[in-house]
Amino acid sequence: MKERVIQLEVFRYNPDTDTEGHYQHYEVSCLEEWVVLDALNKVKETLDPTLNFRWSCHMAVCGSCGMMINGEPKLACHTFLRNYPGTIRVEPLVHFPVERDLVTAPDDFMEKLKRVKPYIIRKQKQPIEQGEYKQTPKELLRFRQYSMCINCTLCYAACPEYGLTKHFIGPAALALAHRYNQDSRDQGRDERQEVVATKEGIWECTFVGACSEVCPVHVDPASALQQMKIASSFDWIKEHLLPGGGK
Amino acid sequence: METIQTDVAIIGAGGAGLRAAIALAETDPKLRIALISKVYPMRSHTCAAEGGAAGVIKPDDSFDTHFDDTVGGGDWLSDQDCVEYFVHEAPKELLQLEHWGCPWNREPDGSVAVRPFGGMKKKRTWFAADKSGFHILHTLFQTSLQFDSIKRYDEYFALDLLVDDGRCQGLTAMDMRSGQIRQFHAKAVIIAGGGAGRMFPFTTNGAIKTGDGMAMAYRAGAPLKDMEFVQYHPTGLPNTGSLLTEACRGEGGILVNKNGRRYLQDYGMGPETPVGQPQLKTMELGPRDRVSQAYWHELQKGTTVTTPWGECVLLDMRHLGEKKINERLPLVRELAESYLGVDIVKDPVPIRPVVHYMMGGISTNTQAATPLPGLFAAGECACVSLNGANRLGSNSLVELLVFGKRAALSAIEHIGKAPAANTAALNACADQTQQHIRELFSRTDGTESVAGLRKEMMTTMEEHAGIYRTEAGLKEAVARIHELRNRYHRVTLTDKTNVYNTDLFQTLELGSMLDCAEAVTVGALARKESRGAHQRLDFPERDDKNFLRHTMVYHQGADAPRIDYLDVVITKSQPGVRDYSGDHK
Chain A
108 MKERVIQLEV
118 FRYNPDTDTE
128 GHYQHYEVSC
138 LEEWVVLDAL
148 NKVKETLDPT
158 LNFRWSCHMA
168 VCGSCGMMIN
178 GEPKLACHTF
188 LRNYPGTIRV
198 EPLVHFPVER
208 DLVTAPDDFM
218 EKLKRVKPYI
228 IRKQKQPIEQ
238 GEYKQTPKEL
248 LRFRQYSMCI
258 NCTLCYAACP
268 EYGLTKHFIG
278 PAALALAHRY
288 NQDSRDQGRD
298 ERQEVVATKE
308 GIWECTFVGA
318 CSEVCPVHVD
328 PASALQQMKI
338 ASSFDWIKEH
348 LLPGGGK
Chain B
26 METIQTDVAI
36 IGAGGAGLRA
46 AIALAETDPK
56 LRIALISKVY
66 PMRSHTCAAE
76 GGAAGVIKPD
86 DSFDTHFDDT
96 VGGGDWLSDQ
106 DCVEYFVHEA
116 PKELLQLEHW
126 GCPWNREPDG
136 SVAVRPFGGM
146 KKKRTWFAAD
156 KSGFHILHTL
166 FQTSLQFDSI
176 KRYDEYFALD
186 LLVDDGRCQG
196 LTAMDMRSGQ
206 IRQFHAKAVI
216 IAGGGAGRMF
226 PFTTNGAIKT
236 GDGMAMAYRA
246 GAPLKDMEFV
256 QYHPTGLPNT
266 GSLLTEACRG
276 EGGILVNKNG
286 RRYLQDYGMG
296 PETPVGQPQL
306 KTMELGPRDR
316 VSQAYWHELQ
326 KGTTVTTPWG
336 ECVLLDMRHL
346 GEKKINERLP
356 LVRELAESYL
366 GVDIVKDPVP
376 IRPVVHYMMG
386 GISTNTQAAT
396 PLPGLFAAGE
406 CACVSLNGAN
416 RLGSNSLVEL
426 LVFGKRAALS
436 AIEHIGKAPA
446 ANTAALNACA
456 DQTQQHIREL
466 FSRTDGTESV
476 AGLRKEMMTT
486 MEEHAGIYRT
496 EAGLKEAVAR
506 IHELRNRYHR
516 VTLTDKTNVY
526 NTDLFQTLEL
536 GSMLDCAEAV
546 TVGALARKES
556 RGAHQRLDFP
566 ERDDKNFLRH
576 TMVYHQGADA
586 PRIDYLDVVI
596 TKSQPGVRDY
606 SGDHK
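Note that the protein sequences, when read in sequence, are chains A and B.
Take this note's numbering: the final residue in the first sequence is number 354, and no numbers are missing along the way.
Take this note's numbering: the final residue in the second sequence is number 610, and no numbers are missing along the way.
Don't take each hint at face value.
Simulated pairs of lysine to aspartate or glutamate, EDC-like, Cα-Cα distance not exceeding 16 Å [stated by the list, open to error]:
#	chain 1	residue 1	chain 2	residue 2
1	A	151	B	520
2	A	245	B	352
3	A	221	B	173
4	B	480	A	152
FYI, nobody ran anything at the bench for these hints, they're computed from the structure.
Nothing here was measured: the structure is a model prediction, and the numbers come from that model.
Chain A extracted, bound-state conformation:
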């Protein structure tokens, strides 16, 4: 297996001791098949135990290790050294406050996730004893893609709107609202519309599409937002233009 000496420029910031962030250079020998996370772990184990970053699964499913790699939001466990011939610059995800080094504070995302009510809402619940809600494979496909979100928040780092206006609910949370709206078992769209179909919600999105480009699991939040805009416009037409409010 091929080895290569990797040059890393890593953002460092410790609120206990620093007034502002700086970059630290590390030189570390790596296998060519490794990912950026492996290189960071080798730095921590052999060069500098004070470097801090989050990680766990090493298979792009837990969503812990989001960071900027050469300026792009990436999962460090799924970013291969073989695609980076030169120096690799590693920084915390933009648009979130930095706690320390590569660790950011996702509080705003966590709060927004809760606001869109990402759970099944039923007017009447069926008792467990009556078995499952029937759902055909076709009905499942209508929302499955949007249920794949790993909450890594790369899309928030990529979204120019979120960078400008922090009240924007943002791609991942809105895509999850759409996921439940599209689920044949759910009856909560009206409740979610109060949060979603607002200027903080889908109408803030200018359809740049950066969210979908960076999504490591191909959720395509941009398409979810477009579909929600169309559905909301149709609501408006029904309410204002059709006789009897479309009822």
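Start from chain A and add chain B according to the hints.
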């Protein structure tokens, strides 16, 4: 030190912790619930489970069959009252998840689909493609968001349990963002902190799985049960250890050696079944312990395949075709392609057994209660004795639901009769933990590094506590782990600052893993038989006369732990022969 008053404190916010929290909130909306985790809930390792969750749902299946598969799969070390409770609760819990929105795969008529899994006589594994654990975790987490009484303490690192008057009454935890230690006074505590696979170098387990919950209970006096039973999953990617789900074989993938032989037929799991027509409970659908052990024998014979990442066998799924692979195993295809450069549609993928799951853990009964009053446990960190000596794939995702809920209900019962707390005594207990952390920060003369000790621990465990074990090797392991535990007290922190100090957290995690490793190795040395995942070359037979018992390991501070035994609960299935030779007889 700030004190947080709560009714129930839950340590760990993965599948079991979230299920417990929801059960508490639903049963009694007035309860104060503190959900404490060193990671944000959706980072918990439940997310990495792939294949699915077993529960009797189809007309051709029965509770008795699920019971028999589980008890036989566990080589009769399961407590049968526990298994009985589990198989009856399993479908209810899976339906509950369905009602909460879990995107289970479906049959054309809209009912849930099930797939075959290793060691199971019927198709009963519910699945959401090959991301079942991910969907279970996110369904639970998102469902939990509607309950305001669940107060989350994300990125709080639990340190020690508060024990007074012989009862567990809370814990101390560090707010990782500030470095502040807080104490939680709770009428009941539920540990749902996951397994400890990271004590081994080659594992499917994420970085967070360091046995903190197990070690915390162990230090507080609760015994660890059956820790010597460590499950190797037969099919891990040889470089990263990433799991390729058992569903690869459930869908029809085959295992071959360098000569192209389906070698499982040579280890009591034959005769060979037609390629692409998997038959339940035989060949590639044998149980994990047997399939992993077969690899070891192939290695001895020299019939494995030499790869840049070590000796492997081949998992061949080409005959499934691209369509089925994309529909049923998309994650597997992506993992093999990106990390190993193998497209499973076109080529067999080299794999080898990888440490995956701890059958052992904090000793609990069927009510999810530990012997320490006020302390409950569920999920991988607990040993409720469902899985016995070998867990069947797709039982653990259900286990964390069934016993997460059960722990919550038991905690509520306990709260009703818990006497008032002696606050001064709890404060004194919390102060001890603070002192311990201060001492760690002030230590300057240390000669040991976390990375160094961790590596030695992993090497020891891999060499001597792997798939096959011997007296000599285990004696060496026990001595080495004991030595490492002594040297651990000479670790000096490089980083002495307060905010998100992973040098500190990795040090604490190493301490947890060493405690767990001690219990694994002493239990393995004392168990002079071969059963399920515990195989002794010097004692190759199962010994029901002496070892149809659970190993109970008690922490004794710096001294060697005390070992005791507890009889297995047998209700209706007497120990018999595990037969995975298919329907040919």
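Here's how the hints hold up against the structure:
1. 151/A / 520/B: holds, 12 Å
2. 245/A / 352/B: Within the cut-off at roughly 13 Å; holds.
3. 221/A / 173/B: holds, 11 Å
4. 480/B / 152/A: holds, 10 Å
No hint from the list above goes unmet by this structure.
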